[in-house]
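Colleague: Top line first, the protein sequences correspond to chains A and B. Note that the numbering used here numbers the first sequence so that position 17 is 17, with each residue one more than the last. Note that the numbering used here numbers the second sequence so that position 142 is 237, with each residue one more than the last.
The hints are simulated quantities; they were obtained by calculation from the structure and are not laboratory data. These figures come from a predicted structure and were not determined experimentally. Please note that a few of the clues may not be correct.
Across the chosen pairs, the derived CB separations fall in these ranges [what the hints assert, rightly or not]:
id : chain 1 : residue 1 : chain 2 : residue 2 : range
1  : A       : S79       : B       : D243      : 41 to 51 Å
2  : A       : A11       : B       : D243      : 33 to 43 Å
3  : A       : R19       : B       : D243      : 55 to 65 Å
4  : B       : E340      : A       : R75       : 40 to 50 Å
5  : A       : H28       : B       : E131      : 41 to 51 Å
6  : B       : R216      : A       : E61       : 32 to 42 Å
7  : A       : L62       : B       : L195      : 49 to 59 Å
8  : B       : N110      : A       : R19       : 16 to 26 Å
Listed next, the in silico SDA-like pairs over lysine to any residue satisfying Cα-Cα at most 25 Å (straight line) [said to hold, decoys possible]:
id : chain 1 : residue 1 : chain 2 : residue 2
9  : A       : K25       : B       : R274
10 : B       : K99       : B       : D111
11 : A       : K86       : B       : D298
12 : A       : K25       : B       : K99
13 : A       : K25       : B       : E280
14 : A       : K86       : B       : R274
15 : A       : K18       : B       : A276
16 : A       : K18       : B       : L278
17 : A       : K25       : B       : D101
18 : B       : K99       : A       : G45
Short derived list, chain A residues pointing at chain B, Cβ under 7 Å [as the list claims (entries may be wrong)]:
id : residue
19 : L44
20 : S48
21 : D68
Backbone N, C-alpha and C fix where the C-beta goes; we use that ideal spot for every residue, glycine too.
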Amino acid sequence: MEQNAIVLDDAGMLELLKRAFEFAKPDHQALSARITLQSSIDELGMESVAALEMAGFIEEELDIQFHDNELTTIRGMDSLARLIRKHIDGKGGVK
Amino acid sequence: MSNKEDINVSYGVDNDFFRLWLDESMAYTCAVFQSEHDSLEQAQRNKHEFLRRAARIDSDSSVLDIGCGWGANLDYLTRSVGVRDAVGITLSSDQYEEILRRDIPHAQVECVDYRNYQPGRQFDAVMSIGMFEHVATPQETRRGEHIDIYRNYFRRAWEWTKPGAWFALQTVIGARMPRGAALREIGWVTSSVFPGAISPRLDAILDSLSPHWEVMELTTRRDHYARTTGEWLRRLENNEALIRERFGAAVFEDYQRYLGACVMAFEEGYQSLAQFALRRIGE
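Chain A on its own, in the form it takes in the complex (with noise of 0.2 Å):
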């Protein structure tokens, strides 16, 4: 692992959804507060396009890029949180 690279808890994680999902539908930002890691891209509302504007927010956050194919397997946070993990684990963690 990096030096000074940190894990991201599922506290941390959940946090960063909850912006992410904010970013990408900032007409209903009340809703953030019923995220859990739990929550499907249909429970909460969300169209396609609302689903791939949270990863590419997450993208740049944690300068990581998702692989094209990987971003048609978003079904809800468990799988965003994922792939999240596959990627900063791949960088050796979040800095």
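With chain A held as given, fit chain B onto it using these hints.
Modeller: Quick look at chain B alone, frame taken from chain A:
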């Protein structure tokens, strides 16, 4: 599958509106430009001929066109190729009415959801041009249900054809995943102009063909669709005053934005166009 209300949003503005910026045959799909001098009209004929060859169709063939639009392909097959048995199905009432008005010889049309279509016979060839994008919805795709839905579509096409049949399939495909402003523009097109539709990814199509169809030829034409949509945009803008007057400012501005987004999406490689020649497997 896009429902009838979705289809009405996409194709029900007004037949006269689409007539103002499509080519004279009213083909609303990617054309094939064989030279820099080809007009849109010629390029659309090139496309119909390319797909006719892909489906191995001659004048003796019986042909089913799934999602036949305003009848451009049926018209080409019957008037230019001499096909005497062509059937088209569409879910759009406006398109159905236009095909009846065109009175295309040796062509029949039904206004029906493909899932409810029961031809009661088998065809020599099947074609589907720019309809596959409506087969699975974005929601179904997000839930991972799209592969089974596509398999069901290909199974039906198999059941409707004779052993040895060929299938010419043309569809937009998702390519490089957009981010930022490009994502928002493409997302707006999907939700505003083509609700219920989504560009399939190439791997999803390939995963869905087995065990019914074999890919014999595959051609991509991203640059051809950039040029086609660019020509549609040019014609739309040439008719701006008339469109604003007859159909309202919002229609003109929405379609200007939509076609501009299409040009961008094809030029930047976010979307592409695939043409398949598929051969029916088995008896």
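Colleague: Each hint should be assessed against the structure and marked as holding or not.
Modeller: For each hint, the structure was consulted:
no.	hint	result
1	A:S79 to B:D243: 41 to 51 Å	19 Å, violated
2	A:A11 to B:D243: 33 to 43 Å	37 Å, holds
3	A:R19 to B:D243: 55 to 65 Å	35 Å, violated
4	B:E340 to A:R75: 40 to 50 Å	46 Å, holds
5	A:H28 to B:E131: 41 to 51 Å	48 Å, holds
6	B:R216 to A:E61: 32 to 42 Å	58 Å, violated
7	A:L62 to B:L195: 49 to 59 Å	57 Å, holds
8	B:N110 to A:R19: 16 to 26 Å	47 Å, violated
9	A:K25 to B:R274	15 Å, holds
10	B:K99 to B:D111	20 Å, holds
11	A:K86 to B:D298	23 Å, holds
12	A:K25 to B:K99	28 Å, violated
13	A:K25 to B:E280	15 Å, holds
14	A:K86 to B:R274	20 Å, holds
15	A:K18 to B:A276	21 Å, holds
16	A:K18 to B:L278	20 Å, holds
17	A:K25 to B:D101	24 Å, holds
18	B:K99 to A:G45	22 Å, holds
19	L44	12 Å, violated
20	S48	5 Å, holds
21	D68	4 Å, holds
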